[in-house]
Every structure is written in structure tokens, then in C-alpha cells.
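Trainee: Chain by chain, the residues run as shown.
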Amino acid sequence: MATDDGLASGDSDAQAPKNPFNFQTQFISTGPVKSHQIFQEPPPRPPPVLPASLPIPTFKEAWASMQRDQRARLCWCCCHAAVAMYVFFSAEGSLAMTALSHLVFFDVGSAAVCVAVDVLGNFEVWRRSSIRHPFGLQRAEVLAGFAMSVFLVFGGSISSRTTSSTFSRPSASTPRTTRPPRTSPTITAAAAATPTPARYVSPGTVDFASLAAVVSTLVSAYGLRNHSRIRRVMRVPFPYLASLLPGAGILANPFHFLTLCFSFLLLLLPLVSLAHFVWLDAVICAAIAASMFILGTRLAVAQGLMLLMSYSGLPTTTTISSSSTNPSSKSKPFPSSSSSSFSAATTTTTAATTTTTTVSSVVRELESEPHVARVEEAQFWQVHYGLAMANLKVRLARGTGSGGSDDGTLSQVRARLARVVQNRLGEGYGRGGNLRWEVTVQTCSDG
Amino acid sequence: MTEKDSRRIFYFMSLNLTFMMIQAFYGYVTDSLGLLSDSVHMFFDCVALAVGLFAAVASKWPPSERFPYGFGKIETLSGFGNGVFLILISVEIMTEACERIWEGRETKRLGELFVVSTLGLLVNLVGMMAFGHHHHGHGHDHGHSHGGHDHSHGCNGHGHGHDEKHDHSHGGHSHGHSHDNENMHGIYLHVLADTLGSAAVIVSTILTHFWKWSGWDPLASFLIAVLILLSSLPLVKSSARRLLLTIPPEIEYNLRNTLSGITGLRGVVGYAAPKFWIDDRNAGEATPANKLLGVMHVVAARGADMEDVRDRVRNYLLGHNIDVTLQVEREGDTSCWCGVGRSPLSASHRVTHSTSIF
Ligand SMILES: [Zn+2]
Ligand SMILES: [Zn+2]
Chain A
1 MATDDGLASG DSDAQAPKNP FNFQTQFIST GPVKSHQIFQ EPPPRPPPVL
51 PASLPIPTFK EAWASMQRDQ RARLCWCCCH AAVAMYVFFS AEGSLAMTAL
101 SHLVFFDVGS AAVCVAVDVL GNFEVWRRSS IRHPFGLQRA EVLAGFAMSV
151 FLVFGGSISS RTTSSTFSRP SASTPRTTRP PRTSPTITAA AAATPTPARY
201 VSPGTVDFAS LAAVVSTLVS AYGLRNHSRI RRVMRVPFPY LASLLPGAGI
251 LANPFHFLTL CFSFLLLLLP LVSLAHFVWL DAVICAAIAA SMFILGTRLA
301 VAQGLMLLMS YSGLPTTTTI SSSSTNPSSK SKPFPSSSSS SFSAATTTTT
351 AATTTTTTVS SVVRELESEP HVARVEEAQF WQVHYGLAMA NLKVRLARGT
401 GSGGSDDGTL SQVRARLARV VQNRLGEGYG RGGNLRWEVT VQTCSDG
Chain B
1 MTEKDSRRIF YFMSLNLTFM MIQAFYGYVT DSLGLLSDSV HMFFDCVALA
51 VGLFAAVASK WPPSERFPYG FGKIETLSGF GNGVFLILIS VEIMTEACER
101 IWEGRETKRL GELFVVSTLG LLVNLVGMMA FGHHHHGHGH DHGHSHGGHD
151 HSHGCNGHGH GHDEKHDHSH GGHSHGHSHD NENMHGIYLH VLADTLGSAA
201 VIVSTILTHF WKWSGWDPLA SFLIAVLILL SSLPLVKSSA RRLLLTIPPE
251 IEYNLRNTLS GITGLRGVVG YAAPKFWIDD RNAGEATPAN KLLGVMHVVA
301 ARGADMEDVR DRVRNYLLGH NIDVTLQVER EGDTSCWCGV GRSPLSASHR
351 VTHSTSIF
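Chains as they are written, first to last, in the UniProt record's numbering: chain A, 1 to 447; chain B, 1 to 358.
Hints were generated in silico from the structure; no laboratory data involved.
Some clues are possibly wrong.
As the list claims (entries may be wrong) - Here are the simulated DSBU-like pairs of lysine-lysine, each with C-alpha atoms no more than 30 Å apart in a straight line:
(1) B/60 to B/291
(2) B/212 to B/4
(3) B/60 to A/393
(4) B/60 to B/237
(5) B/4 to B/60
(6) B/4 to A/393
(7) B/291 to B/237
(8) B/237 to A/60
(9) B/4 to B/237
As the list claims (entries may be wrong) - Covered stretches of chain B, going by a simulated chain A footprint (3 or more residues, C-beta under 8 Å):
(10) 3-17
(11) 248-257
(12) 324-331
Glycine included, C-beta positions come from ideal geometry on N, C-alpha and C.
Same shape as in the complex, but just chain A (with noise of 0.2 Å):
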């Protein structure tokens, strides 16, 4: 499986070769004369090289590349946008409905990150590396997560903001509820002053602003398989809901559950009498900023962490970790200052406990290999959702690949260690990502 995705990958890069530019090929006919060594085949190769850089796609070209359902995806955004719209604006007087509008949004937002992640995908200058952009486009997903995560905290900060001027003045009639920041004061004053009447919808009637975002966030999380695709771009450590209810589709992604469960609370909102309205009303704009306040702080160091050119190990289950070939799985329950501690803690009725495999444990398995002394320096760091590197210095022991003899050796040992790093660390067992490592292993024998 692991060899798989390497063989795969291999290839995007092999293109290279195919079309290098032009003032290499005057190396490659110095090449071997410089080279006094004996020389079988007389042809010598190309050397692999990257291009210099490659177009980024205008907005034109990206239009013009577009399939067909990457169209429709296109136009669906466009339509929860819309929504998203009517639902900011219905909301006059309601902090609930304008905080609910925020999360809307959001989705909105993360659909549209999909769309344009997928229009990329398109074109050679996402996947393929160069030398400007030595990994591809495919880095800026995770920076869109990030931007994505602090619109969350930015739109949990504005409703709290709201919601604390209202509790601090129970008296006060409703506000008008999006307030800006610093220059905030005049309009908090002005909407304190002038009475709006609060949102109120009459009893029996259905409040078309929040069955708006029901059915929306429900097409696109159905309709067009974008829950799994946010999901998996917004992977945010939730292991709170997943474990209440393992498997539940709706949980694993936690935002398009958020927003379906407020738009139902505000839908049963008009059931009560205005008094109460008032303060539900406050009530719930609190529970949605906090919660927005909570999943974009988690959210945004999830993918800091990624965007820091980190590796923080991998969560696995032990049923998994013991089936895999080595029996000496040096995986070591996770630190309790962690963030993963609660899944560990919730856990213990199920089977599997929730442990991780670390870096160190790898290169403590790494340094087990035969032939391998010393792993001197190991940097893990993952590059972006799908791709992973590992770059190691490696001591051979005494008498291994010294002086050329045993070319064999040394590139099983390399592929062996390849292969401990990508069946550890490589996510593989039907966690949705896969994560491709690329092993760099450079040696450096005793004698």
C-alpha cells in the first residue's frame, strides 16, 4: 500500500526528466568527460531537474479548465453563499440569527475552498514541485484552513462581543447585533439608543432564515459529498464527539453539525413568548460563539502546527499498531498535557485505546534495523495533507556500505527504513488522508 503511493508519486516526479530546460543539456555532455571513472553505457542520462517554475493559472485559465462537477460545485457555493446572504440579512434584531449566519459562512467559506483546492488540482503548478515552489500549490490548502480558522475565532469574538453588551444591560431592548470592533463605540451607543424591535417571529409560522440554512448545509453536505472533503481539509482534533458516537457521519465533521444544530434550536425559537425570546436569543448567540471561538483556536493550531513545518505523531489504536508486522511497537500512551488525552481518557470502554506512534519510537525503531548504528539527526515535518517528509542522518554500522562494495545493502537498508517510516506514520488504515512520506536518508558509514 505504502509502496503504492511511492511508486505513484515516483512517477509524478520522473516526468521530470521528460522535459528539463535548456541549458542543462550542456552539462549533460560535460558531465561524463569531467568524470574520469569507467563509463558502461556511453549515452549518459539527462540529469532530473525541476523547471524554474510554473505558470500559476489566471483566472481564466482556472474557468476555462473547470469540469463539469467541479461546475456544479461551483454554482452550489454560489447558492449557499446566497443563502448565507439571506440569512445575515433576515437576521435584523436576532444576535442568534447573525451569530448562526457567521457559521454559515463558514461553511460557505470551506465549500469554496474545496472548489478551488479541486480547480488547482488542475493544473501542473499544484502537484508538481519546482524550484520556486519546491512543493507545489498544495501548501496553500492548509493556509486556507488557517485563514478559514480565524474567521472562526473572528466571528466568535464578534458575537460574544455582542452578547456581553447585551447581558450587561438586560434592560436594553435587542441591539442591532454585527458590531465592529474599535470604532464600535459610536454604533453600540446608536444601536443602544435607537430601539429596534427584536426579531420576532409569530408562533406557528416557520422561520424561513433558519430552514434556509438547514436545507443548504444539508445539500452540501450530502447532496455534493462535501462533508467528507471539509473534513478532511478542516481536520480538526474533535475527539470528544467522534467518540460519544463512533462512526456517526455528521459528527466527524463538526461545523456542518454545528450549524445544523443551532438552525434547529432557532427553528423551534418561535415557539416561545417574547420574553423569553430575548434571552434564548442571547443564550444561544453565546453557545455559537463559543463554540466557534473553541473549534477556530483548535482549528487554527492544528494547522499552525502544519504551516510550522512540524510532525506531532500519529494517533493510532492499538488493535491497529499491534497487527502490523513488528512486535516490539514502541508506540507509548500519549502525554496527559496532549491534545489527544481526552480520546485516551473516553475510550477505555472500547477496545482500542487511543495511543500514538511518535517520532522517537520511530527512531528508536529505525535505529533497531540491522546495519543501521546511529540515527544522528531526524527531522520529520509534514508538508501539507498529503505528503510528509523525513529527512535522516544515519550512521551504518562498522563494515556496511564502506567503499562502494555493497551498493546492494545499502539501498535495502534504505528502502527498509522507507518503509518502517511510511507503515508507522503513513495514516493508511481508512482514516480518510492518506499521508505519503518521502524518506531521505543520508549515510554515513564508521570506518
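For this one, chain A is given, so just place chain B with the ligands on it according to the hints.
Mentor: Just chain B with the ligands, lined up with the frame of chain A:
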């Protein structure tokens, strides 16, 4: 240098926090919504400052197992986050302002607003002085450069490790590596936005006092929002480029030359999967500008000594300021994922190659 930065952030954050508490207290006592709402805003300012402070401090942390390349990117990340936040804020202000011009809501409680925003203006002016100097004078006040960038590298690249510990504290001359501190820039922009916001409120309050038109305040906030938006776009762009690990054009040019020289080294047949990124461990300190880190696979000719080839290529690249993890493969070995040995070795290869150029 960054100690100075983080101290600045810390002082301003304390000032903000104190002011926030005073504001919240008076707001509660006098039942003033404007004061309360402004103190909530101040709270979020403090949160943003705390994030910036954390970034400034964390950027000095050494690399670890989990963060093999250190925390050099964390300031860029904080700057990016701040920039995106500012853009969102300005969009929000703009829609709000449009709505209010449309509806023509009246502004009341002018006196209270005036006091609140004047106080806010004062606090933020202090912030402007703290951060603005830094932002503009980044090149000047750390100007005196010291020469010795000689870094004698050992075989494993540890040699320059001790070099960084000497804390020369004055970066390579005049920021040739174009490392503008995005964290400080983001904080500066936020403070600037707040200052302009307060000023806008003051001006519009005065205007409303003399000419009764309800549109002054939304108009002023709209203009300010446009300004904020325009000023934070470059920050977002530049920090995004760095977070995407893009190689800047001027480095790219040199890198291309360097790479094309590799095949000229003795014993080297070809190379594959070259990937380089800018090393921003201890950015702005004694490390030479534009140092690159990277990964490469090199094919050694049959009969060439692998260790020899490794050292030669590594030293060549180190001479060009690139520290690389180098995997040396034997010619004809097709087992690696980089696929370097997998290209056809037939004589016709060259022909197909030359036809396939563009
Ligand atoms: Zn602010
Ligand atoms: Zn290779």
C-alpha cells in the same frame, strides 16, 4: 532584538489590560454601553497582543524533535493571522457602515463617545510610538553590521552551530534577506487600525456636533476600513508566500545556477527531488542571510565512492549557503521513490529528450 520586541509587546499589553479594566469598571458603574463594548474590544486586543507576544518569544525556541526547523515561522504565522483578522474586521465595518448609511440611524450619546474614543486614541498613540518606530526603522537602528560570517562547516553541518550561540544580536547588514518581521508588522497594523478608528470617531463626533448629519460616522468608519484593508493586504501576501515555502526570485536565480553546477562535479551522474526552503531558525540574527535548507538525491557514477560523492556535493552546496540532507544512490539503482534510476537508459533516450524540450 526580539527580546526588545517582546518587551514592547508586553508593556503595551499591560497598558491595554489596565485601561481595559478601568474602562470596564467605569462602564459598569455608569452603565455606559459604549465603555463596556470598548472594553470588550480591548480584551480582544489583549488576546491578539498575547498571541503576538507568544510568537515573539516562541520564535527563539530551539528546534526540537517535534519542530525540526525551529519556530522561525511562528512570527510569520502570527502576522498572517493578524492580517486576515484585520481584513475580516474591515469587511465587517464596511458592511455595517453601508447598512447604517442606508438606514440613516442617528448617533446619540455624543459626549460619552467622545470621551471613550479620546482615551482609546491616547492608549493607541502610545502603542503607535512603541511599534511604529520598530516597523519603519527596522533597518536603521540595528544598522551596524559586523563582518565575520565565516561558518566552517563540518561534514555533518554541525560546525555552524556554535556560531549562532554568540548572540551577535545584530543581523546581517541591512536585511538583505528581506526578512521583515511580520509579527510586529501585524501588531503595528492592528494598533494603527484602532488608532484610526478612534480618530475617526472623534472627528465624526465633532462633525455631527456641528452639522447634524447621521452619515458622518459610518462614512468615516468606511474610509478607515478601506485603509485598513489596503494596508493589511501586503502583509497577508508576503506572509502567505513565506508560509507556502516559496523561494524568492533573487534566491531562485542563484539556486538554479547552483543546481546546474552539480552535474559537473566529479562522480555525479544526476540528481533528483531537489527541494529547498529558507532556513529561518534564528532569523535576523547571526546566521547568514538567505541560508537554505533542503533535501536532494544524487546519483553516483559506477565506480565512484559514495561517501566521496556525498562530501563533494554537500561541500559544494554548503559553499553556496545550502545545507542539504543528501541521499546518494548508485547509478542504475531504481529502488528509490524519487525515480531517478527509472528513466530509460537506452541510446535513444537523448533523442527523445531533446525533442521533448518544450
Ligand atoms: Zn483592535
Ligand atoms: Zn532517490
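Trainee: For each hint, tell me whether it holds in the structure or not.
Mentor: To see whether the hints hold, each was checked on the structure:
no. : hint           : in the structure
1   : B/60 to B/291  : 17 Å, holds
2   : B/212 to B/4   : 47 Å, violated
3   : B/60 to A/393  : 25 Å, holds
4   : B/60 to B/237  : 24 Å, holds
5   : B/4 to B/60    : 13 Å, holds
6   : B/4 to A/393   : 37 Å, violated
7   : B/291 to B/237 : 22 Å, holds
8   : B/237 to A/60  : 21 Å, holds
9   : B/4 to B/237   : 26 Å, holds
10  : 3-17           : violated (count 0)
11  : 248-257        : holds (count 4)
12  : 324-331        : holds (count 6)
The structure fails to meet hints 2, 6 and 10 from the earlier list, while all remaining hints are met.
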